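Turn these sequences into a full structure, and let the hints steer you where they fit.
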Amino acid sequence: MKQINIIAKNTFDKNHKIGCNECQASCQSACKTSCTVGNQSCVFQDVAVNKKESDRA
Amino acid sequence: MVHFFTFNHNNIEYYFIWDIESGSLFNVSNVAFLCAKNLYGTLSDRESDLFNKTPKDDIKFFSNEFKLLEQDGCLNSKQSVKSFKKNLNYVKALCLHICHDCNLNCDYCFAGGGKYNSPKDYMTFDVGKHAIDFLIENSGNIKNIEVDFFGGEPLMNFDVVKKITDYAKITAKNSNKNIYFTLTTNCLLLNEDKANYLNEEMDNVVLSIDGRKETHNAVRHSLNNKNAFDIILNNAKYFVKIRGNRKYYVRSTFTNKNLDFSNDVEFLRKEGFSQISVEPVVLPKNHKLAIQEKHIEKINNEYDNLANSYIQKREEGNWYNFFHFMIDLEKGPCISKRLTGCGAGVEYLAVSPSGDLYPCHQFVGKEKFKIGNVFDGINKSEIRESFANNTVLIKENCKNCPAKYFCGGGCASNSYNFTGSISNTYDIGCKMLVKRFENSLAISAIEKIASNS
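As given, the protein sequences belong to chains A and B, one line each in that order. Just add 513 to wherever you are in the first sequence, counting from 1, and you've got our numbering. Just add 14 to wherever you are in the second sequence, counting from 1, and you've got our numbering.
Please keep in mind that the hints were generated in silico from the structure rather than gathered at the bench. Predicted model only: the values in this text are computed from it and were never measured. One or more of the hints may lead you astray.
Dumping the calculated EDC-like pairs for lysine to aspartate or glutamate here, alpha-carbon to alpha-carbon at most 20 Å [unchecked claim]:
1. B:Lys255 x B:Glu293
2. A:Lys515 x B:Asp72
3. A:Lys515 x B:Glu27
In structure tokens:
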């Protein structure tokens, strides 16, 4: 294996920073008790992380 | 700040370095891991012994490599945003408590059997109509707005759900808004007609089932039907069959009675559900079903078991999604969202059956958190203000947490219930969350490595 394998780099820089607030309010998602935000995609970059790659639009 | 963790999959130890502030993830060799930990963390005694045996040339090589990554801003990076306040100019999501009544009686229900510790109450269409008007009027320039039908059991007041949905669609269209609906149901009343309606109208449907029959029946009790589990499972399966590729979740709660919850996940997967969310119960520590500190080690081992099985099943073609292992490393939410979490009390409010407004569904019925009503609007702006200021940046316990930009500071209600303040954290929840976060990163990395090989 490579000694240092970069899996993801500076990912926060890649994110939209505009804070448009158009994305889903996270507690509207599945859980309603232990919500997180990191499992959501930006509304402008929605790659449907909860779908199989072959099913993503 | 740098976080170090390992993950064992198929007897291979994976070593990971997570740069908290830049959101960078590295899978490294054991030697590189030790060198990085020596530079940016604290070596354990065992690691120190190993590090001391590392050839000097290797240490020098990795030190140079890590310096280059530092210069690239992806290792040992500094916090770039120091303060933040949530925008108070809009409300974009409402949780409508369609009824405070339920046809199940669950031992762990935070809503006291669906009634929120008050008499049964059903929302009228008039209240729902005013709630929609309130949402549209207060959504400002926001284009995407959301309505969540919640209970109790919302299907016990299904006609009102339908009327509110019809009204909301028309009103949103006339106001040039996109409106998205979610409904959470225990499936007991989810007959074919209702399932077809929800499939047509709801953007997301959350189906509550606690996994295996024995798990479910131990804590979720039907008021009058001994075969409730079979009915619930069949109704949920019918819904998923017609749902196709559209959004839903089957959502379970695990308690200290089923700490082997990966078996409940596997049961649900085998029953044909591919969108699964199994969540730890949140209860006072003296409750008979509560997750306590003594359970954490076993739970975290179970998350490891689940993560390993998850990778394997997906690799074998038995793909499914586990809500708490979802992570989007490349296209996740903006920094604003990461700092402010779920938006409760600010952009997201809950409406009781009588029209009172609360910061979220978990606060409904707590009088001191009532911030207004859908007829007169918000009249306690100081409560909203306190939620707007309640970002991950002000929470002492979050300062060095590796998951802080993925969690957003955690649930304000859990914090309030356990510490008396919305600005603290629910520590047991945090310990499980960090474990799930590490597993999510590991899964993401291992799947990426596999797809590139």
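Going down the list of hints, with the structure as the test:
1. B:Lys255 x B:Glu293: Not satisfied, since the Cα-Cα distance of roughly 24 Å exceeds 20 Å.
2. A:Lys515 x B:Asp72: holds, 14 Å
3. A:Lys515 x B:Glu27: Between Lys515 of chain A and Glu27 of chain B the Cα gap is close to 14 Å, so the pair holds against 20 Å.
The structure is inconsistent with hint 1 alone, although it conforms to all the rest.
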